[in-house]
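From just these sequences and the hints, can you work out the full model?
Each number in the working numbering comes from the position in the sequence shown (counting from 1) with 158 added on.
Bear in mind the hints are in silico, worked out from the structure with no lab data behind them.
There's no promise every hint is true.
[As the list claims (entries may be wrong)] DMTMM-like cross-link-like pairs, simulated, lysine to aspartate or glutamate; straight-line CA separation at most 25 Å: (1) K321 <-> E331; (2) K305 <-> D454; (3) K305 <-> D457; (4) K305 <-> E288.
These numbers come from a predicted model, not from an experiment.
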Amino acid sequence: MSQTPGETAERTTEGTATASDTPPDAERLRRWRMALGADSADSTGRTLTGQDAAMDGALDALYGGGAGKKPNGRATGGRSAGLGASAPSVARWLGDIRTYFPSSVVQVMQRDAIDRLGLSALLLEPEMLEAVEPDVHLVGTLLSLNKAMPETTKETARAVVRKVVEDLERRLESRTRTTLTGALDRSARISRPRHRDIDWDRTIRANLKNYLTLPAPDAATTAGETRATPTGTVVPERLIGYGRSSRSAKKDIVLCVDQSGSMAASVVHASVFGAVLASMRTLSTRLVVFDTAVVDLTDQLDDPVDVLFGTQLGGGTDINRALAYCQSRITRPADTVVVLISDLYEGGIRDEMLKRVAAMKASGVQFVTLLALSDEGAPAYDHEHAAALGALGVPAFACTPDLFPDVMAAAIEKRPLPIPDKEYQP
Numbered sequence: 159m160s161q162t163p164g165e166t167a168e169r170t171t172e173g174t175a176t177a178s179d180t181p182p183d184a185e186r187l188r189r190w191r192m193a194l195g196a197d198s199a200d201s202t203g204r205t206l207t208g209q210d211a212a213m214d215g216a217l218d219a220l221y222g223g224g225a226g227k228k229p230n231g232r233a234t235g236g237r238s239a240g241l242g243a244s245a246p247s248v249a250r251w252l253g254d255i256r257t258y259f260p261s262s263v264v265q266v267m268q269r270d271a272i273d274r275l276g277l278s279a280l281l282l283e284p285e286m287l288e289a290v291e292p293d294v295h296l297v298g299t300l301l302s303l304n305k306a307m308p309e310t311t312k313e314t315a316r317a318v319v320r321k322v323v324e325d326l327e328r329r330l331e332s333r334t335r336t337t338l339t340g341a342l343d344r345s346a347r348i349s350r351p352r353h354r355d356i357d358w359d360r361t362i363r364a365n366l367k368n369y370l371t372l373p374a375p376d377a378a379t380t381a382g383e384t385r386a387t388p389t390g391t392v393v394p395e396r397l398i399g400y401g402r403s404s405r406s407a408k409k410d411i412v413l414c415v416d417q418s419g420s421m422a423a424s425v426v427h428a429s430v431f432g433a434v435l436a437s438m439r440t441l442s443t444r445l446v447v448f449d450t451a452v453v454d455l456t457d458q459l460d461d462p463v464d465v466l467f468g469t470q471l472g473g474g475t476d477i478n479r480a481l482a483y484c485q486s487r488i489t490r491p492a493d494t495v496v497v498l499i500s501d502l503y504e505g506g507i508r509d510e511m512l513k514r515v516a517a518m519k520a521s522g523v524q525f526v527t528l529l530a531l532s533d534e535g536a537p538a539y540d541h542e543h544a545a546a547l548g549a550l551g552v553p554a555f556a557c558t559p560d561l562f563p564d565v566m567a568a569a570i571e572k573r574p575l576p577i578p579d580k581e582y583q584p
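See below:
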């Protein structure tokens, strides 16, 4: 039978409570005991049982510090904690934390377990993957292990990656389509439209300065009125309308994505956005990933999972080489947006990279540099290269997935980019 934290606290204090121990005091000590860990048991005087003990064991296995533990993770004393060295014990631990903690906490604990305890190798076992709570960071880890992954594990890994990708698509696709469709429509407006193509709302707004007040009609000739009301009109000196719809793409988008190990979350989000953009008929989308080599994944954009498994996280970085490839594929500079997603740690020829960016801008290309495309906040990046790009009129900044549609809309319309935080500008 399940028990609430309050019930657990009451049961753990039975037989040891004194007259001065009120329920709030007992709950306070319980919370301190849970927060401080097993080493605080003597100082708090609290002994955990039931669900509290299970939660404490799961936390101690990961954050206990290793005091008094054997190499396999088991304690030398009476308490048995630690993840052990086999997939079954890790799978049990994963099941425990999913039972006792919310999904957001589970994802943090999983990442910490992989980083602190070196459990990456265990992700190559199917039974381990089936117990894991999927998230973007786990996908990044799986992609980094892709080449070492046995065939028996790949299908399970693909299922994990697909679940994360589908969740991202549900969250991001609708707003991306709506925002970019509006931007494309506005970018296609013409000043001499046919009557049926006139955008009357924008035409009236643009001509309000031409409002004329008309003479009032004769009150005597206005039946039923004792006083005439002045009227007016807007003279539409400038008409604004939409261009006629076309089957051809209005804009070319090139996503140039750094696939070095530190960019894992950005690669995941860029792949999802690339698939969404590629599904829009009015856009022609190209996805290029790079380290010291350049790989064009455009023909796989119909399935972002295939795109992700086509990447190879890790290795060096040659931004100049990647931009040279992208530049060679540009046929309509004035209608092209190039998005470089990189932390700008260049292993190639720095001056050539900057010259290439300047040449693309001079030809009419809208160039955007994102230091990261993730929810992580301020990334580590090369400040010198970011400052050099800023001097060329290409500000470099971190971008969250929710902001990305607005950034793309501004680039399509050739408006100033909505930079979220001045801190990221060089």
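Now for the hints, and whether the structure bears them out:
1. Distance hint between K321 and E331 is fulfilled; the C-alpha atoms sit about 15 Å from each other, no more than 25 Å.
2. Restraint check for K305 and D454: satisfied, since their Cα atoms lie roughly 19 Å apart, inside the 25 Å limit.
3. With a CA separation close to 21 Å, the supplied pair K305 and D457 stays within the 25 Å bound.
4. With a C-alpha separation of about 20 Å, the suggested pair K305 and E288 falls inside the 25 Å cut-off, and the hint holds.
In this structure, none of the earlier numbered hints is contradicted; all agree with it.
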